[in-house]
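Chemist: Sequence:
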Amino acid sequence: MGLIGRAIGVGQAAGAIGEAAQGLSEVFVANATRQMELDAEIHRATMETAASEFQHAGAGLFDRVINGLNRLPRPMLALGTLGLFVFAMVDPAAFAARMVGLDAVPEPLWWLLGAIVSFYFGARELHYVRRAPVARGGGLRAPWRRAGVQQAPAEDPVAHNPALSAWRNAGAQDPSSAFLEAAPRSQ
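In UniProt numbering, the protein residues as written are 1 to 187.
Just so you know, the hints here were simulated from the structure itself, not pulled from any lab data. One or more of the hints may lead you astray.
What the hints assert, rightly or not - What follows is a list of derived Cβ distance ranges for each label pair:
no., residue 1, residue 2, range
1, M47, R71, 29 to 35 Å
2, Q22, L61, 55 to 61 Å
3, L72, A132, 18 to 24 Å
4, A50, L84, 46 to 52 Å
Think of the CB as a built atom: it goes at the ideal place given N, C-alpha and C, for glycine as much as any other residue.
Input sequences plus hints: build the corresponding full structure.
Modeler: Written as structure tokens, this is what we have:
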């Protein structure tokens with residue numbers, strides 16, 4: 001292109017005219033490509049700023065205390081249940097008195113306690129499931145269905161049905177009309 005442009009003598013002039021036309025067109029219509037580049041640059045800068053804010057955020061004392069408190073209910077429930085068995089064996093009369101007191105608790109209050117405990121443990125389980133890395137790839141695929149293994153073609157389940165074969169050979173009309181024609185008529 002350079003040789004032809006120099007031979008004709010319009011190389012630089014044609015480039016200048018093209019740039020002027022592009023600049024003039026951007027006065028009336030925004031350059032969509034440049035706008036997308038600017039948007040991507042703003043998004044990248046925003047993400048870098050957010051990443052730099054949390055780059056060195058370690059778990060402080062408050063976070064460690066709260067994480068420790070969150071880990072207490074399960075062991076407390078398990079050890080408390082075992083403690084009830086020990087208490088029942090050590091002092092059966094006092095245990096019976098405590099159980100009479102528990103029997104006085106109204107039924108809706110037990111339902112409320114069950115809901116609170118269920119939601120607490122369910123939320124914790126969901127929290128850990130969401131943080132777990134998701135396995136990628138075909139790890140769940142059965143060994144006999146790996147890529148490259150030829151599968152036997154699926155057999156047509158109606159291939160050996162003589163009634164359907166006759167119906168297809170007859171022109172495959174609407175099944176209800178074929179049924180009505182074959183049905184005995186009462187007079």
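Chemist: Indicate, hint by hint, whether the structure satisfies it.
Modeler: To see whether the hints hold, each was checked on the structure:
1. M47 with R71: 29 to 35 Å: The hinted range 29 to 35 Å holds for M47 and R71, with Cβ atoms some 33 Å apart.
2. Q22 with L61: 55 to 61 Å: With a Cβ separation near 59 Å, Q22 and L61 satisfy 55 to 61 Å, so the hint holds.
3. L72 with A132: 18 to 24 Å: Check passed, 22 Å falls within 18 to 24 Å.
4. A50 with L84: 46 to 52 Å: holds, 50 Å
When the structure is compared with the earlier hints, no violation turns up for any of them.
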